[in-house]
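In order, the protein sequence lines correspond to chains A and B.
Sequential numbering of the first sequence, starting at 1, is according to the working numbering.
Sequential numbering of the second sequence, starting at 110, is according to the working numbering.
It is worth saying that the hints were derived from the structure and are not from the lab.
Hints are supplied without guarantee of correctness; some may be wrong.
Claimed, not checked - Take a look, some chain B residues computed to stay more than 10 angstroms from chain A by CB distance:
no., residue
1, F126
2, A285
3, S619
What the hints assert, rightly or not - From the derived model, a few chain A residues whose C-beta atoms are all more than 10 angstroms from chain B:
no., residue
4, G8
5, V17
6, A80
Unchecked claim - Using 20 angstroms as the maximum straight-line C-alpha spacing, the simulated EDC-like pairs for lysine to aspartate or glutamate come out as follows:
no., chain 1, residue 1, chain 2, residue 2
7, B, K534, B, E611
8, B, K140, B, E245
9, B, K288, A, E96
10, B, K534, B, D524
11, B, K571, B, D645
12, A, K103, B, D290
13, B, K534, B, E609
14, B, K288, A, D100
15, B, K288, B, E245
Note that this is a predicted model, so its numbers are computed, not measured.
Glycine residues also receive a C-beta, built at the ideal position from the N, C-alpha and C atoms.
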Amino acid sequence: MSHSLAYGIPISWFLTVGAMLFCIGLFGMMVRRSAIGMLLSIELMLNAANINLVAFGSYLKLPSIAGQVFAIFVITLAAAEAAVGLAIVINIYRNEQHIDADKISVMKM
Amino acid sequence: MHIGHIILISPAIWMAFAAIVVLLLGVVAAKRPDKGLDHYFPTQYAAPLFTAIGLLLSGAVVWWSLMLAGVTSQAAINGEATSVSATGLFVTSGGHAQLTVDPFAAVISFIALAGTFIVMLISLEHFGEHQAHKAEYYTLLMFAAVAASLAAAASDLIAIYLLIEFLSMVSYILAAYAKTDRRSAEAGLKYFLYGAACSAIMLYGMSLLFGITGGNTSLSAIAAGFTIGGAASSGIGWVAIVFTLVGLGFKLALVPFHFWAPDTYEGAPTPVTAFLSVVSKAAGLAVIVRFLTVVATPGSAGTLAWYWILVVLTTLSMFYGNLVAIWQRNIKRMLAYSSIAQVGYIMVGVLTAMHVFTRSGILMGAPDASVRANISDKLLPWDIQGVLIYLLAYLFMNLGAFAVVIAVGNRLGSDSIDNYAGLMKRSPFYASALAVFLVSLAGIPPTAGFLGKFFIFGGAIKIGILGSPELVVLAAIGVVNSIISAYYYLNVVRLMFFTEGECKPSIVGSAAANVAITISLVLTLGLIVFAKPVSDLTAKAVYTSSPASVTTPAER
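The following block holds chain B by itself, in its conformation from the complex (with noise of 0.2 angstroms):
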């Protein structure tokens, strides 16, 4: 281990550092409730601040770590036999790296903080100024943001279903967080029946994966493992992974693991449900993204049963997602169908990634430079790194949704889209606002979610015509669904900007919310015109990415 190691996961230990900070000051403050500490520093502006200076080491972890990366592959290039352990970290006794801070990581673990610290300028504007337990709820959601940011990053069975579970359990906390509402408690209650049950049956894969590959924890030796006497292709190599896959599917809401997803969106309190939108799939993400590559032996993506499994589930989210948010009445509901279908998006992202590793006969970060340069001159632009960009667009355009959601409907006192009628003559900003995040979530250009759907359905259609028809097709039916989704969103525009609604008196938010809605509106619209580095940076991101292949001296 090494000090640069330390450094990049710097922005998961300051903010568990933090969080007991803040833990602690919501005990002092506690104690003399209307002046003395509190009264000079909040608690409630103490958690987002904090979470900001974690977001500028995340910033900055994401510059060091595509600068390691590229120093390991300009060595591999010389012929220096230093593998990709550079951004391997803490390694085991085993040998192994139980996190692996590759660029990859390095941005999703990003996306979780900014989406973390957007979340608590809405709790802000959600809770205001006298919240029960307002210390419990910041650091629970700080405590989220380190599990997430860590998930990013866990390269072994052990870390994956560590973080994993911590992550789950303070959401299951934070879902139920107002104990007195009974549609939290409720939504509360549903997260954890349907978590735990999926956390149980996901070990239970893991615990077969662990023993069919010879007992190797870490996803490297169990990519290694896997080809080994057919157990890839075996039927409990097959329960194996679709038993770990339905945790994973879990934590995305995929269908048919979504049950939980409606009532506990609709029940949590809204900032709560930004965050399991938002937070928690990114990390969900990442770690199947990291599975799948690993478990997908080379040249056998179409050939595994699973692989079709995941080819069905992705196209009925899509499908069920958006069929059923067609017939909500309310928005936060509304949200949570569409989320499932955006998740069916990006998982026609993630296949066509495991499609890219399976095809070239290479997993991400192979040492070998030279195939990895040739493979990137025939991919880009349009490649796997669709699913990192669809994520931060994703991230921008859902929580700017929620943030006016929270706004408007602590004003209005109700949830209901039928409240949303005539809004543009009360408050034309936060109309525009949710009328640009809903046509970009429509994937309607010149927006961030434009350019999320073009890279990946370019992506799935680039990889998917050199001999995967599935993919084709899957880009097609994303699409399709698009365009159904379309209906939905621009109904509640439509209903903003030309229907007569109750002329109550105008609609003024906080200053938080404000702040969360301008940020989220600005990258909304400027991701496009920056596509050029975020394309470029995500390229390199994904392409000196080490998820499957990181290896250490010590393991030979």
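Looking at chain A on its own, in the form it has when it is part of the complex (with noise of 0.2 angstroms):
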């Protein structure tokens, strides 16, 4: 049984999706000033990834799981990188009252 009949949708366009959010995430990561906003780009970058992990997973036919359990793991570790980045970016706040990343340069080039 091929799971793309059984699904009707070929994994290319999971592959597209996926690559589209990433592609945003990247574009967000360039455009954003805002640290929270950079954070949130990251967050959908992962996802993409997850995305792909998933496709794969799920159309490649594996004896395993791996692709699943991979994106897993990532869902687990872009929980802790959240917490790690907005501890960071407060402790940005109290110490610059803004958390713009363009204008945090204390030290000179």
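Dock chain to chain to rebuild the complex, using the hints, since each chain is given by itself in its own frame.
What follows is the structure in structure tokens.
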């Protein structure tokens, strides 16, 4: 039985959604100035990778569920990363009273 | 799984356990700040003590893994089909090794723990007795050591991603540790934003790699899947590898993923800077060596576009690091830029190693021991062990330099290079120690840095003349860069010895700093005396290692 027939949707659709999400995240990372906005963009990029992993995991007819397991690890890590990231951003806000990543440059080049 | 396999990761298990003990010590001590447990067994001394025990364990593991590797290669010679499974560890349900504690990983893990130990000694000097949140600080350092020592053994995409992220996340917190200091907060934010973005890109690359190799996470299976169906040369394979290298390049601060490095190095507390520049880079290098030897399919290195990208990045790192370091007035910032160049030198060794595997048509630790013995005869003594030797040398000379910078900076309250004028009069020990470390970083004999460069550039030339001229060119660029770097390193030496500074009272650091400096000094000068045993040991470690080809009977 072919999974692609069972679902009726070719895997390339999933990969395209993943690629678009990744590009949106990368674009957001570059144009966003607020540290929180950049954090959100990073989450988009991580989830793009998750879509890829789960899509490959279910379409490749694998003997294992490595792709899904990898995605669950990534979700867990993304939560930890958000916690660490927000703590760092809050600390920046306490020191600077803003979180504009462009204006934070105490040190001279 | 076998009890011997648990012993192989015992340093990491011990460090994780000890880190929790240190955290609990801190909780208990906080209840009675003046007397009680913290008075008799202070947290800041417990942490280095536990790390020293971990270091001893790690030394035992180096010896043990060399012995195991010897046994398996002997078995292979006798025609027994054990493959190299004796050094594979933690067989998962998929039947492949998540971690491969081969001698290569054991040596890198030893370097990581030794680095953490010295960083703890200089932390004692930097923060003093009444450090805020000291238990948390030392716990984080110990967890970082756990992550670094396991990352060296990771041989599976999931393990690589988890351990690199583990190390990164602990490092973000450590960089922002002095939270009321605006510079430290900024260092943490910049490190975090660049790091999280690079690791997300790396993860996307890994997800593609997972897909195009038929849904494998184990590096050895990816190596096999990569050669099928032209995945290695396809566009998507190219994207997968380049994206994955972005995350690893970030850990190494390779140009152009270095933007975080100068600000983070300057802003973070100096012991954390020392940690980031040595331990975290050693872990990143171990992963990149393992990864490159896997995805470089035999005979193909020179034909792959991303191989040439790495050649260009290595060249750029060397030139950029050195040329910008010349203009720095802050010694921490100077060491940051110089460490970008130092990684460039090590990458020359990594590319050489890649060529050895692709040229000989075998991956490290191929079960056919007669092939391996044949190859080792041809390539010894200048070979891929240059990476290990350089890392050992870099560990001691760079941490030594940071130890002196902390001891002097703490007394002067500034890290400006101008303050080093006339240091010889104020502290002959610190001035001469720093001079040795800087001379070693410049690669001038008779220091450890010279030994490392000798092996790396010598190996590159030896492999390069067999038909890869770019390696010879890289070695030449490396030598030119060593000369450029001598300018700014020796400029500090000139300031210390030959100029008059302020005649303030002499500088005396704490005992911990002096111990750290003495250890680094002895080993920076001593490594060359023991060049032969060090070379033999690292050669054995490299030839008996099996980054790519660990297979277990279950997998077959």
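Hint by hint, here is what the structure shows:
With 10 angstroms as the threshold on Cβ separation, the claim that F126(B) sits away from chain A holds: the shortest Cβ distance comes to roughly 21 angstroms. The beta carbon of A285(B) is not kept farther than 10 angstroms from every beta carbon of chain A, the shortest such distance being approximately 5 angstroms. Taking the minimum C-beta to C-beta distance to chain A, about 27 angstroms, the non-interface status of S619(B) holds against the 10 angstroms cut. Under the 10 angstroms C-beta cut-off, the non-interface status given to G8(A) relative to chain B holds; the minimum distance is some 20 angstroms.
With a closest Cβ-Cβ approach of about 13 angstroms to chain B, V17(A) is found to remain outside the 10 angstroms limit, as its non-interface label requires. With a least beta-carbon separation of about 6 angstroms from chain B, A80(A) fails to lie farther than 10 angstroms from that chain, contradicting its non-interface assignment. Proximity of K534(B) to E611(B) is assessed by CA-CA distance (about 10 angstroms); at most 20 angstroms being required, the pair is judged to hold. A distance of roughly 15 angstroms separates the Cα atoms of K140(B) and E245(B); the hinted pair therefore holds under the 20 angstroms criterion.
About 12 angstroms separates the Cα atoms of K288(B) and E96(A), which keeps this hinted pair within 20 angstroms; it holds. Only pairs whose Cα atoms come within 20 angstroms are accepted, and K534(B) paired with D524(B) is accepted, the gap being roughly 18 angstroms. Taking the CA atoms of K571(B) and D645(B), the gap is near 18 angstroms; set against the 20 angstroms cutoff, the hint holds. For the hint linking K103(A) to D290(B), the alpha-carbon distance of about 17 angstroms falls within 20 angstroms, and the restraint holds.
For the hint linking K534(B) to E609(B), the alpha-carbon distance of about 9 angstroms falls within 20 angstroms, and the restraint holds. About 18 angstroms separates the Cα atoms of K288(B) and D100(A), which keeps this hinted pair within 20 angstroms; it holds. For the given pair, K288(B) sits about 13 angstroms from E245(B) by alpha-carbon distance, which is consistent with the 20 angstroms threshold.
Of the numbered hints given earlier, the model fails hints 2, 6; all others are met.
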